[in-house]
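Those protein sequence lines, which keep their order, are chains A and B.
The first sequence begins at 1 in full-length UniProt numbering and counts up by one.
The second sequence begins at 1 in full-length UniProt numbering and counts up by one.
If a hint is listed, it holds; no wrong ones were tucked in.
One copy or any two copies: either way a pair holds, since identical chains are not told apart in the list.
The calculated lysine-lysine pairs, modelled on DSBU-like cross-linking and capped at a C-alpha distance of 30 Å, are: (1) 467 - 502; (2) 673 - 622; (3) 253 - 670; (4) 467 - 67; (5) 644 - 241; (6) 673 - 241; (7) 241 - 670; (8) 241 - 467; (9) 148 - 467; (10) 253 - 467.
Read the hints as simulated data drawn from the structure, not as lab findings.
Note that the structure is a prediction, hence the values are computed from the model and not measured.
There are 2 protein chains.
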Amino acid sequence: MSKCLYFIFLLAILPLNLRSQDGYDLWLQYYPIEEATLRENYSTQIQGLITYGSGATLDAAVSELEKAYAGFFDASIPTAISIKENSLVLGTRDNLPAYVLPSLEGEFTKINSEGYIIKKIRIGNTPATVITAETEAGLLYGTFRFIKEMQLRNAIDKISITDSPKIQIRVLNHWDNLDRTVERGYAGFSIWDWHHLPELIKPEYIDYARANASIGINGTVLTNVNASSVVLTSAYIEKVKALADVFRSYGIKVYLTARFSSPMESGDLETADPFDPEVKQWWKDKADEIYAEIPDFGGFLVKANSEGQPGPNNYGRSHVDGANMLAEAVAPHNGIVMWRAFVYSEHDPDDRAKQAYSEFVPFDGQFHDNVLVQVKNGPIDFQPREPFHPMFGAMPDTPLMMEFQITQEYLGFSSHLVYLPKMFEEVLDEDTYVQGEGSTVAKVIDGTLSNKKLTGIAGVANIGTAKNWTGHPFGQANWYGFGRLAWDPYIDSEEIAEDWLKMTFSKDKDFVDEVSEMMLDSREAVVNYMTPLGLHHIMDTGHHYGPGPWVGNLDRPEWNPVYYHRADSLGVGFDRTTTGSNALAQYAEPLREKYNSIETTPEQYLLWFHHVPWDYEMKNGKTLWHNMAAKYQQGVEEVEDMVKTWNEMEEYVDEERFATTQMLLQIQLKEAKWWRDAVLLYFKQFSEMELPEFVPTPEHDLEYYQSLEFPYAPGISPSWH
Amino acid sequence: MSKCLYFIFLLAILPLNLRSQDGYDLWLQYYPIEEATLRENYSTQIQGLITYGSGATLDAAVSELEKAYAGFFDASIPTAISIKENSLVLGTRDNLPAYVLPSLEGEFTKINSEGYIIKKIRIGNTPATVITAETEAGLLYGTFRFIKEMQLRNAIDKISITDSPKIQIRVLNHWDNLDRTVERGYAGFSIWDWHHLPELIKPEYIDYARANASIGINGTVLTNVNASSVVLTSAYIEKVKALADVFRSYGIKVYLTARFSSPMESGDLETADPFDPEVKQWWKDKADEIYAEIPDFGGFLVKANSEGQPGPNNYGRSHVDGANMLAEAVAPHNGIVMWRAFVYSEHDPDDRAKQAYSEFVPFDGQFHDNVLVQVKNGPIDFQPREPFHPMFGAMPDTPLMMEFQITQEYLGFSSHLVYLPKMFEEVLDEDTYVQGEGSTVAKVIDGTLSNKKLTGIAGVANIGTAKNWTGHPFGQANWYGFGRLAWDPYIDSEEIAEDWLKMTFSKDKDFVDEVSEMMLDSREAVVNYMTPLGLHHIMDTGHHYGPGPWVGNLDRPEWNPVYYHRADSLGVGFDRTTTGSNALAQYAEPLREKYNSIETTPEQYLLWFHHVPWDYEMKNGKTLWHNMAAKYQQGVEEVEDMVKTWNEMEEYVDEERFATTQMLLQIQLKEAKWWRDAVLLYFKQFSEMELPEFVPTPEHDLEYYQSLEFPYAPGISPSWH
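Chain A extracted, bound-state conformation:
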C-alpha cells in the first residue's frame, strides 16, 4: 500500500486525536480540521497573513499561527505582502496602517494594555480579519484566542471579540528547589535544569512559555518560597537570565523568591536587619545586579517569619519594615514585592486561623505602592474546603493578591482527579460583605472594590518533568483553569472545563457533557471522602498523604490534626464562635452572626466554626454522626461513578491517556475508601455510635490504619527534612 493511501487509510480508521500520545502538547493540540465545509470556510477566511511591526513577541505570535495552520490544514499558512481579500492582519495599534484603525476605534476603548481585539472588518472595500492590541503581549494573547476559536471549531467569518485581563499580575509560583526536588510537587523533578543553564535551553522551556501565554499567565516565580539564597549569587543570576530571555518573547516576566537572610548567607553581612543601612544597600546592589542582566525582572516573592523562615521579626521589625525595604530596592526598576501573609506562630496560643489577620490588618495602608500582600484562599492552608480568608476585604488600603494552590498537596497529589477551578470559583464568588452585599472576593482581587492600582493572583504550580507536565492527565485542567480565572475571575468553571476538554481530548458532545460533569462533581467528591462538613487538616502530617486524624504528638500544637477537629465524647469541630476562639469576629456582618449559630451556619462549614454534639440533629433529621458517615460514603460512591463514567469514554480518547486516567482512578477509589474507613473508625471511638448500615464494614481495624507509614511519600523537600 503506498504511503499516501496508507495515510488516508489511517485517518479513516483513526482520527488524529485517537493516536496515542503522552499529553506533552497540553491543550495546544492543532488537529487537522476534518469537517470539509468548516475546513473550506476557515481557509477562505485566512487568505494571507500580513503583519505590521516587529519584535520577538510578534514573531512568537506568527510562529504559533504557523504551527496551528499547519496542524489544521497540513499546509503552510499563506502570507500576503499587502492587505487583500480575507487577509489576516496582525499588528499593534501603533503599527497598523492608519487606514485600518477607523473601524476599530470603538473596540480600543474597551481594552486595556494587555487586551486584544479580533475583528472581521472592511478595509476600504476589502474584508479582512484584524488581530490588534495596544501592546505586543496583547497581540500574542489575541493570536492564541483566534487559534482557540478554530480549535473549538467556532465560526470566524464574522468574528468580533474584544477581551482584556481583569488582574494585572498573573503568576505561577514554582515551589522548586535548586536541587530540582519540588516541594509539594507530584509531577516528577523540577523542569528547571539549573545545572545545565545557561547553556542548555530545553524545548520544554519554550513550550512552557507557549502554554502560559495561551492562557494569559504573564509571570513565573522560579523558586521555592522556602528559599535558598544561592539563587541570588551571580552564577545563578546568569542562569535565571537565560530563562528570562526565553520567556520574554511570550510576555512572561521572571520573579525570584528572596530569602530574607541572604545578606548574611549570599553576602557576608553580620545581620539582615531591614533597618541596617548595609543591609538596605546590599539589597539595592543585588537588585541593580539582577536588573543589569534582566531589565524586565519582575521582582521578589517572600515567605518571611513563617514555618522557620527568617524575616524582619528576627530583628524586632515588622512585615511592613521588611517588605518596604525590598520594595525600595526594586522600585527604581519598576519591580514589585509579593509578601506572603501565610504566617502563624507556635508561640501564639491563639487560633491559627486568626493569626495572619491579626498580624497584617493593623498595617493596612503602610506598605509601599509596589508591594502586594499575597494571601492564601483560606485562613488555614489549601484545604479541600475552607471559608474565604478574612483578610480579603479587611485591608482596603493594601493591594492583596490571591494565592491558590494548583498542586494538590491536600487533594490527592497527582493521583486524584479533582477539578480545582470549581473550588477557585467558589472562593472568588464568596461575598465578604465588607462594603455591603456583592463585595465578593473577586472584586477584592481585581481591585474594583477599592480601586487598586496594583492587582495580582498567584497559583502554586503543579508542573514537573512528567511527560505530560502534571502527572495526572487531568492535572493539566487545573493549570489551564487557573490561567483562565487569573485572566477573568468571573468566568464559569464549567465553561473552562468544556473548553479544556475540547482542546485537549475531543469535541464530541457526548464526551464533553459526560466528562465535564464528572470534573465539576470531582471537587465535592474529594471534600466528601476527605474532609466533609467543615472538617480540615486531618490528613497525615509532614507528607500530608492519606488520613491522620489521630496524630497529636507533634511539638507544634497547630501541626496536629487533633488541634483542628477537637473530637471528644461530647462532639467534634473547632469552636470559632464568640464562645470559642471567636475567629468569626474577623468577618464582616452578616457573616459573623450567620456563622455564630449552628442553625445558620452552612453545613459545609459546620465543624469549621462549631464544636457539634455527635447526636446533634441536622436539617435532614439525622444525627451529625449519621451525616458524617453519609458524606464519607457518598464521596466513595462519587468516585465509583467517576470510574464508571470514564470507562465509557474509551472511544473518544487515545489509548495512552485513556489507560493512564483509568489506572489513576483506581488509586483514587482505593484511597477514598481508605479515608472513609480510617476516619470513621477513628471518630467512632468518640461518638461511641455504630456505623450506619450503608457504610460497608472497613477492610481493616483502626490500629492498621494508624500503623501505616509512608517514609517516601512524594513532595517533601529537603527543607522539611
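Given the structure of chain A, go ahead and fit chain B onto it with the hints provided.
Chain B in isolation, oriented as in the chain A frame:
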C-alpha cells in the same frame, strides 16, 4: 493542498529522521524504508508472518515485528496461517513443526539457551525465513536482531545468523532511591514511580523493557546499592511485583538491593548477625515472601561494610559469611546473590587500591555456588582511566562479575559527550597474564578462563525521567554499548558506535564516519582534560563535579584528592611500586615487573604507579611537566574538534537533537578549559615551572577556581547528605 499531496511534499523535503524528536525512541526507530528496490526486496522477503507456540514473550516479539513493519512500510505486517513462499516463521525449537527442523540442526549446536538462529531455508520446496531458539527469550532476541538487520538496511534474502550471549547475567544497576532521587544520576528523577505503583503502569516501563531486550539485557536491579530496607516491606514487594510482571515478557528479571541490617529495620530483630538463627530465618522468610509474589525474582545485590553501609563485619563475620547466608535464603528459588567487592576502610592505613583484593582474595572458593562477587573495572572508583582491577584473574574458584559505570559520575555527568564502550573495551581486552598471555579480563568475566558455571556483568544505569532517557543524546550510546558488550565482550566498540548511529540518527556514510570517529576519540579526550598520565580522583569531592586537586581536608584520608596525586616539590604521582605501596604485587608477572619501572610503565598509567619528578624526561624528550600541560591542552583541543565536527552534521540530524548536542558540547568545552586551567595552576605551585607557551593564559587565578562551590550539583543522593 490536499493532505495526501502535503505528505508527499513533506516527505520530499524532509526525511522522517529529520523530523524534530525528543529522542524517546532511542535506537528503536523504524523509519520508512524509502529506497524503492530495498523496500521491494524486504517486502518480498516477508510475505506472511506465522508463529508457533504461545506466551507473553512470543507476543512481545510479534508486537515488535508489527511496530517495525508498520514503521518500515506504513502498513500492517501480512500474516499467514500456514508456511507459504517467503513466510517469516517464528517459534522455539520445541514449538516449530518437525519438518522445519532438519535444515536447522547444525545451527542449534552453535547456540546456547538464550541464543538465536535466523535463517533463510527451504521447507520442502518453500523458501522461508525462520527465527528460532531454544527459549522464548532467545526468540525475542532473534526478532530484535532480524529487525536490526532491516534498520541497518542489510540484505535479508539469504540471511543466516546464529548468535548467543557469552555472559549469563546481564544486568543494569539502578542507583535509584525510593524518594526517586538517583545517586550519581544526571538524567532527572528515577523512572520508577513508586508512589503510583502497583496501580499505575507507565508506558516508559514497557519501552524500557523493549530497549533492554533489544540489546540482550536480561536483568535489572531496581534500587540503590546504598539501600533502604523499606523496599523489602510487603507494600513495596507488591510494587516490585507490578514491575516484574511488565519486564517478564521481555526476558528481564528483577533484582533488589538488600540492606544488610534489614532484619532490624524492616523486621524487629535485635541483630543482623549472619550466624544468628533468627536472622537466617528472617532472610529465608523474606525470600519466600518475595518469591511467592515474583516466582522468577532474580536475587539480591549487596553493598556491605562499604562507605558506611552495614554488613557482616559489624558482627565480626566475613563477607563470605554474609553472602552465603543470603545465598542460602534464595537458593531454593534459584536466586543469586551479587556481592560487591567495592570495600575500603578509613581504618586501614594501606593503599585504598589494594584493600578489596586483600579482603576478598583469601576467600576464593568459599562462596556458595549462587554467589557472584561484583568487582568494579578498576581498583579505585570508575575513573576516566584505571588499570584493570587486580582481583580479575586472582580468584579462579569464585565467579567474578564486572561492574561498569554507565552513568558518568567522574566523566562529565550528562553534559559531556564521552563514548564509554571504548573504555569498557580497553578494560575487557587487558591481559591479566594469570594463566599466561591471553588471559584477558573478558575471559575472566565470560568464565572461559576457568570454566565458570555462573557469569555476569553489571552496568550502573544512566537512565532517568529525561525525555530522551539519558539527558545527553549520546548518553544513549553508552546504555546501548554496555548491552552489546554484555552480550559479547569481544565486539569492537567501533562497530557498536556505527550500529548505534545508524539506528539512532542517520545511515549516511559521511555522517557515520565522522561522528563515530568523534565518539571513539571522545574517551581519550576526557582523560586528557581531566586526568592524563595516570592521574586519578582529583575531581572536587562529594559531588565529583569539576577539578578539586587541592582538596585535603576531609576526615577520611582516601577521600582527599591529595591522597591520590601526592604532588610535592619533588614530583607527582602515587608510588605503588615495591618502593611504595607495592600495589602492583597484586598483579601477575610480567605486569608486576613492567609496572615497577618508570621506563616500562605505559605513560597512560605513569602517575598511577609512580611518583615522578617534575623534570623527568619522558619518551618524547620533554619533561613530565611539559607533557602534563600538553595533555591538558590536547584534551581541550580535542573537544574543540568535536564542536567543529558536530557543527557540520546539521543536515543529517533533526533540529532538536542537533541543537541539544550542540549546546551540550559548549558546556563540555567550557568545563574542559576549566579543568585544564585549574589543575595546571594548582600543580604549577609544586613544579615551580612555567606553563608552556602553547597553553593559553588561564582566565582566572587559582584562588578563583578553589573558591567555586556547587551546593546543588546533581547526583548527590540523601544518603550522602
